[in-house]
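**Student:** The chain contents come next:
4 protein chains.
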Amino acid sequence: MINVAIVGAKGYAGEELIKILLKHSGVKITSLSGRMDGKPKHICEMYPYLKGNLDMFCEDIDEKKIVENADIIFTALPHMVSMEIVSKFISLGKKVIDLSADFRLKNPDIYEKWYGVKHVNPGLLEKAVYGLPELYRKKIKKAKLIANPGCYPTSIILGCYPAIKEKIAKKKEIIIDSKSGYSGGGREFAKNYKEPNCYAYQIGGIHRHIPEIEQELKCQITFIPHIIPQERGMLSTIYLQLKKDIFPRGLPAVALEDVVAVYKKYYENEPFVRIVETAMTKNVVNTNYCDIAINIDGKTNNLIITSAIDNLVKGAAGQAVQNMNIMFGIDEKEGLI
Amino acid sequence: MINVAIVGAKGYAGEELIKILLKHSGVKITSLSGRMDGKPKHICEMYPYLKGNLDMFCEDIDEKKIVENADIIFTALPHMVSMEIVSKFISLGKKVIDLSADFRLKNPDIYEKWYGVKHVNPGLLEKAVYGLPELYRKKIKKAKLIANPGCYPTSIILGCYPAIKEKIAKKKEIIIDSKSGYSGGGREFAKNYKEPNCYAYQIGGIHRHIPEIEQELKCQITFIPHIIPQERGMLSTIYLQLKKDIFPRGLPAVALEDVVAVYKKYYENEPFVRIVETAMTKNVVNTNYCDIAINIDGKTNNLIITSAIDNLVKGAAGQAVQNMNIMFGIDEKEGLI
Amino acid sequence: MINVAIVGAKGYAGEELIKILLKHSGVKITSLSGRMDGKPKHICEMYPYLKGNLDMFCEDIDEKKIVENADIIFTALPHMVSMEIVSKFISLGKKVIDLSADFRLKNPDIYEKWYGVKHVNPGLLEKAVYGLPELYRKKIKKAKLIANPGCYPTSIILGCYPAIKEKIAKKKEIIIDSKSGYSGGGREFAKNYKEPNCYAYQIGGIHRHIPEIEQELKCQITFIPHIIPQERGMLSTIYLQLKKDIFPRGLPAVALEDVVAVYKKYYENEPFVRIVETAMTKNVVNTNYCDIAINIDGKTNNLIITSAIDNLVKGAAGQAVQNMNIMFGIDEKEGLI
Amino acid sequence: MINVAIVGAKGYAGEELIKILLKHSGVKITSLSGRMDGKPKHICEMYPYLKGNLDMFCEDIDEKKIVENADIIFTALPHMVSMEIVSKFISLGKKVIDLSADFRLKNPDIYEKWYGVKHVNPGLLEKAVYGLPELYRKKIKKAKLIANPGCYPTSIILGCYPAIKEKIAKKKEIIIDSKSGYSGGGREFAKNYKEPNCYAYQIGGIHRHIPEIEQELKCQITFIPHIIPQERGMLSTIYLQLKKDIFPRGLPAVALEDVVAVYKKYYENEPFVRIVETAMTKNVVNTNYCDIAINIDGKTNNLIITSAIDNLVKGAAGQAVQNMNIMFGIDEKEGLI
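Chains as they are written, first to last, in this note's numbering: chain A, 5 to 341; chain Z, 5 to 341; chain D, 5 to 341; chain R, 5 to 341.
Please keep in mind that the hints were generated in silico from the structure rather than gathered at the bench.
Be aware that one or more of the hints could be misleading.
For identical chains, the list gives no copy identity; a pair is met inside one copy or between any two copies.
Said to hold, decoys possible - Calculated pairs, BS3-like style, for lysine-lysine (alpha carbon to alpha carbon, straight line, at most 25 Å): (1) Lys175 / Lys68; (2) Lys198 / Lys143; (3) Lys131 / Lys23; (4) Lys68 / Lys131; (5) Lys122 / Lys145; (6) Lys248 / Lys176; (7) Lys303 / Lys174.
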C-alpha cells in the first residue's frame with residue numbers, strides 16, 4: 005500500500021483526489037490538510053456524501069506530521085503558496101505531485117513575468133517533470149517532483165501535439181477557443197457564477213496557461229477561455245493552418261484521413277486518449293479520458309481540432325493519480341476506470 | 005391595430021413570436037397555424053402558461069383564411085417549405101416577414117449550392133430585404149418581404165461590421181467560434197440533447213449560415229458552431245487580424261480605445277446594440293439586445309470581438325417584430341422592452 | 005405617473021421590482037437604495053442586463069431623500085430592519101408596501117415568539133393590510149401600509165382557502181409539502197447552494213411562514229419546505245382530509261367535479277388565479293399567476309391541492325405591484341402581463 | 005468470474021448496470037441485448053463514453069444465446085414483457101434479477117388490478133424474492149429469481165420500516181410526498197421533459213408503486229410523486245403520526261433522540277443505509293446509499309422521515325448488483341463503492 009497525503013483538501017482538486025484515491029486499490033490516505041484556521045473538520049462534514057467511506061479529519065498543514073506518514077504528497081494549493089511547501093517536502097526526501105502552476109514553467113523569468121513574483125526555488129524547476137504522461141512518461145517514471153499540468157494546457161497540448169510535431173500545421177497564427185465548466189474557476193468563483201451564462205474572460209493574451217502551452221508546443225498562440233453553464237467538463241476548439249504541401253494526395257477528404265491516421269498512430273498505446281468522431285464533454289466527464297476529434301475546413305485550409313476532458317480529472321486530480329501510478333510502477337489505469 | 009398572422013406556431017420561433025406580440029400594444033393576433041395534420045389544437049394546450057392570455061386554436065395552414073384577416077404575416081417554417089407559401093402571400097399583396105433561410109441569399113446559385121434545391125422564386129430574392137435593421141433600416145421601411153436573418157449571422161455581422169467596414173481588420177482569415185443554447189437546433193434537436201454537454205458541430209465549413217455571413221461581410225470566414233448547456237442565448241467569439249498601420253498611436257491599449265470609439269459611434273443610435281465590457285448571454289437572454297465587447301491581443305495582433313444575443317429574440321422573433329415596427333412606422337422598441 | 009422608491013434594491017425581490025416596474029406604463033422609479041456602505045453603485049453595474057433601460061445609482065438609504073420624491077415606497081429589507089424604517093415612512097405620510105414579514109402577523113406576541121424580538125410598533129400592525137388581493141382587495145384599496153405576503157403563504161393560502169372556507173375539508177391534520185427554487189433563500193443562500201440538489205429544511209414546525217398561514221386559514225398545519233434545483237418557481241402540495249358528508253352524490257369523481265366547481269366560482273374574477281389540470285412551475289415562472297390543480301385520492305379520502313407560483317413574482321414583487329395597482333385604482337394587471 | 009447477461013441495455017437501468025458491472029472485479033459481461041429491430045448496434049455507438057472500456061454489440065434478444073453464456077441474467081424490460089421472458093430463463097435453470105414490476109406483487113389479483121392484465125406465471129410469484137437486502141437478505145442468498153424493488157418503494161420502505169415495525173408510528177394516514185429526477189420516467193419521458201419544471205403526477209392514489217409499498221409495509225398510504233429538475237436522485241418526505249404513548253419521557257426532543265436510536269440500531273450493519281442530519285439527493289447521487297433523516301413536529305405530533313437515494317442506483321441497477329453479490333456470496337459492496 006502506498007501512503008498518500010493530500011495537502012489542500014478543501015478545493016475542487018483536493019476533493020476529486022479523495023474520490024479517486026478511495027477507489028484505488030493500492031493506496032491508503034494517511035493525511036488530509038488545508039487552511040483550517042485552527043479548526044480541524046471531519047472530512048464527512050465537508051463532503052457529507054463520503055459518510056461511511058472515510059473517517060478522517062482535515063487539519064491545518066503540519067509539514068512534519070504529513071511527511072512522517074506519507075510515501076507521496078499531493079499538493080493542491082494556490083500558486084505561490086506551493087513553491088515553499090513543495091520545496092520543503094522535496095528536501096525531506098518525499099515525492100511530490102504538485103497541482104499548482106508553480107513548477108510548470110522551466111524558465112524562472114517567464115514565471116516571474118506571468119505571476120508577478122520571483123520564484124523561490126529556480127533550482128527545483130529543472131528537476132520538476134511536466135506531468136503529461138503522453139509526452140513525458142519516461143521522465144515521470146523517475147521523477148521526484150511532478151508539475152501536474154493545467155486543465156486548459158492538457159486539453160490543448162494533447163490536441164495540437166501530433167499536428168505540430170509532424171509539421172502538418174503551421175506553428176503560427178494558432179487560435180484556441182476553450183470552453184470550461186465553472187468548477188475550473190475554483191470554489192469561490194463557482195459560488196459567484198450564476199447559471200446559465202456563457203462568456204469569454206481574460207481576453208487579450210493574459211491567461212496564465214498561455215506560457216505553459218507555448219513552452220510545450222514551442223509556438224505562439226491566441227488563447228481565449230470561456231465559461232459555460234456546466235459544473236465540469238472542458239472543450240478546446242483549436243484552429244491550425246494546414247501546410248498545403250504536406251498532403252500530396254490533395255483533396256481535403258484524403259488529407260483528413262491522413263491526419264487522423266497520424267493522430268491514431270501517435271496515441272495508439274495511450275490508455276486515456278481516444279480519437280473520436282465528435283469530442284463531447286459528456287463523454288469524458290468523470291473520466292480520465294481526453295477525447296480528440298479532427299476536422300478540416302477545405303475552403304479555408306484550416307485544421308480544426310476539438311479536444312474534450314474533465315477539467316477536474318484528466319485536467320487535475322485524475323492526471324495526478326495517473327502520474328503517481330507511473331511513478332510507482334502500478335497499472336496506469338488503477339483507480340481511474 | 006395591426007392584424008398579424010403567425011404561420012408556424014409550433015416551433016420555438018413561433019412560440020416566441022406569440023409571447024412578444026402579446027406584450028405589443030399595437031397588434032392583434034388574428035391567426036395561428038402550422039402543420040396540425042387535421043387536428044387543430046388550442047394554443048393553451050400547446051403552451052399551457054398562456055392560459056388566460058390568448059384564446060385561439062392553432063390550425064392547419066389555410067392560405068386564404070390567413071390572408072383575409074392579416075395585415076402582415078410572420079412565417080416561421082422550415083426552409084424550402086417557406087419558398088412557396090411566402091410567394092403566394094406576397095402575390096396576394098400581403099407583407100411578409102419570413103424567419104426561414106429561403107430569402108436571405110441574393111444569389112439563387114448560392115442558394116442551390118447550399119440547400120440542394122433550385123429556388124422556386126428567384127425574382128422575389130431581389131425584392132426581399134435582409135432584415136438587419138442596423139444595416140438596412142431604410143430599405144426595411146419600404147419592404148414588402150423581409151428575410152429575417154439567422155441567429156448566428158445576427159450576432160456575427162453586428163460584431164464584425166464596423167471593423168470590416170472601417171478597414172480596421174483584414175478581410176481574410178477571420179475565425180468565428182460560436183456557442184449556442186440548444187433551442188438553436190429546434191424542438192426535435194432540443195428533445196434529443198442531453199444536458200449538460202458541450203461540443204462543436206457541422207465543422208469544416210458546412211454550416212448553412214456561412215454564405216449568409218459571407219454575403220453581408222463580403223469576406224471569407226472559418227465558422228464553427230457549438231452547443232452549450234443552456235436553453236437560449238448565444239455567444240460568438242470572433243478573431244480578426246488587426247491592420248497594423250491603422251492605429252498610428254501604436255500601443256494596444258490605445259488601439260483598443262480607438263476601436264471601441266468606432267464601434268460606439270457606429271451604434272450610437274441603435275436601440276438594441278450595446279457596447280459592453282463583457283458580453284454575457286445572461287445579460288441578453290429574453291431581450292432583443294445584442295451586446296458587443298471589444299478586446300485586443302497585443303502579442304498576436306488579434307482583434308477579438310465577443311457578441312451575445314438571445315438566439316430566439318434578436319436572433320429570430322424579436323428581430324422580426326423590430327422589423328415589423330419599422331415597416332409600420334411604430335416605435336421600434338414596442339413590445340420589445 | 006406614480007413616483008416610486010425601492011428600498012432594498014440589492015436583493016432578489018428588489019431586482020424583480022425594478023424589472024416589473026420598468027414595464028409598467030404608469031410608474032417612474034425615483035429612487036433606488038440599499039445597504040451600500042457609503043459606496044453608491046450604478047444599477048447597471050449591479051444588473052448589467054439593465055444597460056440602456058435605467059440610468060440611476062443605488063445609494064445608501066436616506067429616508068428624507070426617499071420620501072421627498074416618492075408617492076409610494078416598496079421596502080424589500082430583512083425583517084426587524086423593516087419595522088423601524090417602515091414606521092418612519094408611514095409617519096411621514098407615505099404609502100408603503102413592505103415585502104418583509106414585519107407587518108404580516110396581527111398579534112405582536114406571536115411575532116415575538118417566532119422572531120425573537122419585541123415588535124417596535126404594534127399599533128401599526130392593526131393598520132397594516134395583509135396584501136393578498138384575492139382575500140382583501142377592498143381593504144387594500146384604502147390601505148396606507150401593505151404587508152406583502154410571503155411566498156409559501158401565497159401559494160398555500162390561495163390553494164386552501166375555498167376548501168377551508170366552504171368546509172369541504174377538515175381544518176385539522178393538514179399537511180403541506182412545498183418545493184421552492186433556491187432564489188427563495190435569498191442571494192447568500194443561492195450562492196452557497198450547489199446544483200443539483202433536493203432536500204427538506206426547517207423540518208419540525210419551525211419555519212416562520214407557519215404562523216402567517218395559520219393566521220389566515222385559522223387552522224393548524226404541518227409544513228415542510230424543500231429546495232429544488234431551479235432558480236425560481238414554487239410548488240405547494242397540500243394534503244387535506246375531505247369531509248365525507250359534504251358531497252351527497254358520493255363517488256370521488258363526482259366529488260372532484262364539485263370541488264373544482266367551487267374553486268372556479270371562487271376565483272372566477274381573479275386575474276391571476278387559474279384552475280388547471282396540472283400545476284407546473286414552468287407555466288407560472290416569470291408571471292404573476294397562481295396555478296391551482298385539484299385532485300382527490302378516493303381510497304384515503306384526501307383532497308390534494310397543488311399550487312404553483314413564481315416565488316419572486318406572485319410570491320413577492322409581482323404581488324406587490326398588483327397591490328400598488330389596486331391602491332392607485334389602476335388596471336390590476338398593468339406591468340404584470 | 006461470474007458471467008452476466010443484460011437484457012434491456014437501451015434503457016436507463018440497463019445503461020447503469022453496464023457502468024456498475026464494468027467496475028466490478030468479479031464479473032464478465034457476456035451479452036447485451038434489447039429491442040434492436042434487427043439492427044445490432046455497438047454499445048459505444050449507443051454510449052460513446054464507453055469507448056475503450058467495452059467492445060460489444062447490443063443485439064436483439066435471443067434467449068438461447070443469452071442463456072448459454074450467462075450465470076445470471078439481469079432483465080431491465082418494461083413490465084408485461086418481463087413476465088414471459090423471465091419465466092423462460094428460470095425454466096432453463098438460470099438465475100434472474102428482474103428490474104421490472106412483474107414479480108414484485110405476491111398476489112396475482114392485485115397485479116391484475118393495477119396492471120390490467122392477468123399474470124402469466126403466478127406460480128413464479130411465490131418463488132420470487134423481493135430484492136430489498138435490508139429486509140430479505142437471507143432469502144436473497146438462496147433465491148433463483150429476484151424481483152428488484154421500484155425506486156420509490158426502496159426509498160419509502162427503508163424510510164418507514166423501523167417506525168412501523170416498532171410501532172412508533174400509526175399504520176394509518178401515512179402521507180408520502182416523493183420528488184424524483186426525470187430519469188425516473190424513462191428515456192422517452194426524459195426527452196419530453198423540459199427543464200426546469202416541478203409538478204406532481206399520477207395524483208389520486210393511482211401510481212403503480214402504491215401496492216408494492218402497501219404490501220411491504222402492510223398499511224395504507226397516500227402517495228404523490230413529483231418530478232424535479234435534475235436527471236437523477238430522489239427524495240421521499242414521509243409524514244407519519246407518532247403514537248403518543250410510545251415515548252414515556254415525553255418531550256419531542258427526547259422522543260426524537262429515541263427514534264433516531266431505533267433507526268441506528270436497525271441499520272447498524274447495513275453497508276448502504278446511513279442515518280444523517282439532512283437527507284440530500286446530492287449526497288447519494290451516483291452511489292448505492294440510502295440516506296435517512298428523522299425529525300419530529302412536536303406541535304402536530306408528526307414523525308417526518310426524509311429518505312434520499314439515486315433512483316438509478318439504489319433504486320434500480322445498484323440494488324440489483326447488491327442482490328447479485330449476496331446471491332453469489334461476494335462482498336456486498338463490490339462494484340458499488
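**Student:** Does the structure break any of the earlier hints, and which numbers would those be?
**Tutor:** The structure breaks hints 1, 2, 3 and 5; every other hint is satisfied.
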